[in-house]
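Protein chains: 2
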Amino acid sequence: MVFSVTILGSNSALPTSERYPTAQLLNVAERFYLIDCGEGTQMQLRRNKIKFTKINHIFISHLHGDHLFGLMGLISTLGLMGRQADLHLFAHVDLERLYRPHLDYFCADLPFKVVFHAIDPHQWLIIHEDDKVMVTSVPLRHRIATCGFLFTEKIGLPNIRKSCIEQYELSIAEIVKIKNGADLRLDDGTIVPNDDLIVRSHLPRSYAFCSDTKYIPSLGEKLKGIDLLYHEATFTDAEKDLAKKTGHSTARQAAMVAKQAEVGKLIIGHFSSRYKQTDVYLEQAREVFPLTEIAGEGCVFEVAVKPGIF
Amino acid sequence: MVFSVTILGSNSALPTSERYPTAQLLNVAERFYLIDCGEGTQMQLRRNKIKFTKINHIFISHLHGDHLFGLMGLISTLGLMGRQADLHLFAHVDLERLYRPHLDYFCADLPFKVVFHAIDPHQWLIIHEDDKVMVTSVPLRHRIATCGFLFTEKIGLPNIRKSCIEQYELSIAEIVKIKNGADLRLDDGTIVPNDDLIVRSHLPRSYAFCSDTKYIPSLGEKLKGIDLLYHEATFTDAEKDLAKKTGHSTARQAAMVAKQAEVGKLIIGHFSSRYKQTDVYLEQAREVFPLTEIAGEGCVFEVAVKPGIF
Numbered sequence: 001m002v003f004s005v006t007i008l009g010s011n012s013a014l015p016t017s018e019r020y021p022t023a024q025l026l027n028v029a030e031r032f033y034l035i036d037c038g039e040g041t042q043m044q045l046r047r048n049k050i051k052f053t054k055i056n057h058i059f060i061s062h063l064h065g066d067h068l069f070g071l072m073g074l075i076s077t078l079g080l081m082g083r084q085a086d087l088h089l090f091a092h093v094d095l096e097r098l099y100r101p102h103l104d105y106f107c108a109d110l111p112f113k114v115v116f117h118a119i120d121p122h123q124w125l126i127i128h129e130d131d132k133v134m135v136t137s138v139p140l141r142h143r144i145a146t147c148g149f150l151f152t153e154k155i156g157l158p159n160i161r162k163s164c165i166e167q168y169e170l171s172i173a174e175i176v177k178i179k180n181g182a183d184l185r186l187d188d189g190t191i192v193p194n195d196d197l198i199v200r201s202h203l204p205r206s207y208a209f210c211s212d213t214k215y216i217p218s219l220g221e222k223l224k225g226i227d228l229l230y231h232e233a234t235f236t237d238a239e240k241d242l243a244k245k246t247g248h249s250t251a252r253q254a255a256m257v258a259k260q261a262e263v264g265k266l267i268i269g270h271f272s273s274r275y276k277q278t279d280v281y282l283e284q285a286r287e288v289f290p291l292t293e294i295a296g297e298g299c300v301f302e303v304a305v306k307p308g309i310f
Numbered sequence: 001m002v003f004s005v006t007i008l009g010s011n012s013a014l015p016t017s018e019r020y021p022t023a024q025l026l027n028v029a030e031r032f033y034l035i036d037c038g039e040g041t042q043m044q045l046r047r048n049k050i051k052f053t054k055i056n057h058i059f060i061s062h063l064h065g066d067h068l069f070g071l072m073g074l075i076s077t078l079g080l081m082g083r084q085a086d087l088h089l090f091a092h093v094d095l096e097r098l099y100r101p102h103l104d105y106f107c108a109d110l111p112f113k114v115v116f117h118a119i120d121p122h123q124w125l126i127i128h129e130d131d132k133v134m135v136t137s138v139p140l141r142h143r144i145a146t147c148g149f150l151f152t153e154k155i156g157l158p159n160i161r162k163s164c165i166e167q168y169e170l171s172i173a174e175i176v177k178i179k180n181g182a183d184l185r186l187d188d189g190t191i192v193p194n195d196d197l198i199v200r201s202h203l204p205r206s207y208a209f210c211s212d213t214k215y216i217p218s219l220g221e222k223l224k225g226i227d228l229l230y231h232e233a234t235f236t237d238a239e240k241d242l243a244k245k246t247g248h249s250t251a252r253q254a255a256m257v258a259k260q261a262e263v264g265k266l267i268i269g270h271f272s273s274r275y276k277q278t279d280v281y282l283e284q285a286r287e288v289f290p291l292t293e294i295a296g297e298g299c300v301f302e303v304a305v306k307p308g309i310f
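Protein chains in written order, with full-length UniProt numbering: chain D, 1 to 310; chain W, 1 to 310.
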């Protein structure tokens, strides 16, 4: 079962001819979650041959144009394509106030419903949950209210080891309890721990998207052990002061968060258009955290299945 | 002195990975006029190495998203680039009502003024005039109020033939009058026509942009003799009924307008995304009007200087 992130846009506010503003697609077992939606996202979806119809949830980190100016175009196109399923938009409360009049005017005949979900970007809160993922808001520090998103895979209930069913002659009721996390108490009072009774298909995988933010020294601790971290890296060491002033991070700072969090892999992006190449970003990040990659347009970062406890 | 049109986007509502929604740039002696502004226009401007700062006037044919969803991104980018000169937007009156709240929210610190000019798309009216061009609205017939734009080059006052100045011993006052179109009355009552006294640098060149419209049989007569005509051609003969139903034209109908108007060249665009290739469009248009070209992304159509009357 796939768990992957496709980069649709990697640049900061000023797009170049090659790099688009922020947008990413998370694919969890062929359920698609769009994260930010900069101008040109729908063209990038096409370029990457991603089926628009599989997107039911869009998460907007903050209301700066380079993270959402592709929304109207995408929604309009989904309408022309005859979409019927509800589309869920998670964003700051102001998005609905601003975009509802545009939807009413430009997409009057939309054959589906756009459902706005107001999120509080200042809190760590579960903002969405379905059978594939749980999404938590990650408060960040930018010039305006901004949050990232932590996606944690949901893998369903574990199976009971066949040998245990036979050995302990488990009833249906006991099996249900054990699947839901209970230990087993034997007649002689011995406790068999849940982990000894079950087989998980794999451990839940996780991805955190940390959109525009200044360096937050405590962030790594809160994102401990996630598999894949995207952290913005608008600037290099040379513009450290500018980063702080504008509410952004350097590549090195992104790597410091990744190192502290002991993530499986770090992706950096949201590059300032003053840089034609991204070599400097990568070099400076890798000095701190070697497992760093560049969020290049069209790059796909897949998290492999992690065997569970058998 | 250049008079050219660069195609930035040629597709209809659903962009493909190769063809963007409608946007064009008219260059008149290095003064740039943007015509429609579909999503991705700013990326296309960069791709074509066009200097954003030279755009002072934007003309929006109608308020369908594929003709304007690139506006906010472009304006936002112009702000980040530090633009200071006013930016003039010509469009249906609803544009200001819809976009002012977005400008106030997303571009609060814009270092320049966005000046909205409400146009009446139902009238042939001069909507803008400067020292380079005169722009006239061209009423079209689409599903919503829509107009095209006729750009007519202004070439300044003509020069007086040197030989005439000597022969008729013209005073400064007489020269000014003749430059402004007056004939010359000699002492014996003879009239020397203005055209015999002056030298024009060249004849004014013209470009008409006919955005989304169903076929208007009388349109060609009204655009008689223009040099370059863009006429939408969303469909081919096979979808003639669909064209009528959706307020669009076929390639053949676009060519019929061009033929009637006896234009120098026809450009067709706004292609339905059902067509991967544009061969069929070109073939059917050229059967009626051979001087037809496809509005391909990045194509530049230049109108050569036409010698005046010497």
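It should be emphasised that the hints constitute simulated quantities derived from the structure, not laboratory data.
It is possible that part of the hints are untrue.
A pair counts as met if it fits within one copy or between any two copies, since identical chains are not told apart.
What the hints assert, rightly or not - Here are the simulated lysine-lysine pairs, DSS-like style, with alpha carbons at most 30 Å apart:
no., residue 1, residue 2
1, 276, 154
2, 222, 154
3, 259, 51
4, 177, 244
5, 276, 49
6, 177, 240
7, 49, 222
8, 51, 245
9, 222, 132
10, 245, 306
11, 54, 154
12, 259, 240
13, 276, 54
14, 113, 245
15, 132, 154
16, 214, 265
Results for each hint:
1. 276 to 154: Result: close neither inside a copy nor across copies, 39 Å intra and 40 Å inter.
2. 222 to 154: Answer is within: at 19 Å inside a copy they meet the 30 Å cutoff, but 65 Å across does not.
3. 259 to 51: Neither, since 35 Å and 42 Å both go past 30 Å.
4. 177 to 244: neither (51 Å within a copy, 64 Å between copies)
5. 276 to 49: both (26 Å within a copy, 15 Å between copies)
6. 177 to 240: Neither: 53 Å inside a copy, 65 Å across copies.
7. 49 to 222: Neither, since 35 Å and 44 Å both go past 30 Å.
8. 51 to 245: between (39 Å within a copy, 28 Å between copies)
9. 222 to 132: So residue 222 and residue 132 pass the 30 Å test inside one copy only (22 Å; across, 60 Å).
10. 245 to 306: neither (40 Å within a copy, 55 Å between copies)
11. 54 to 154: within (18 Å within a copy, 52 Å between copies)
12. 259 to 240: within (19 Å within a copy, 62 Å between copies)
13. 276 to 54: Cα proximity of residue 276 and residue 54: across copies only (23 Å, versus 34 Å in one copy).
14. 113 to 245: Between. Shortest inter-copy distance 26 Å satisfies the 30 Å Cα cut-off; intra-copy 40 Å does not.
15. 132 to 154: within (5 Å within a copy, 63 Å between copies)
16. 214 to 265: Within one copy, since 20 Å is at most 30 Å while 54 Å is not.
The earlier numbered hints that this structure contradicts are 1, 3, 4, 6, 7 and 10.
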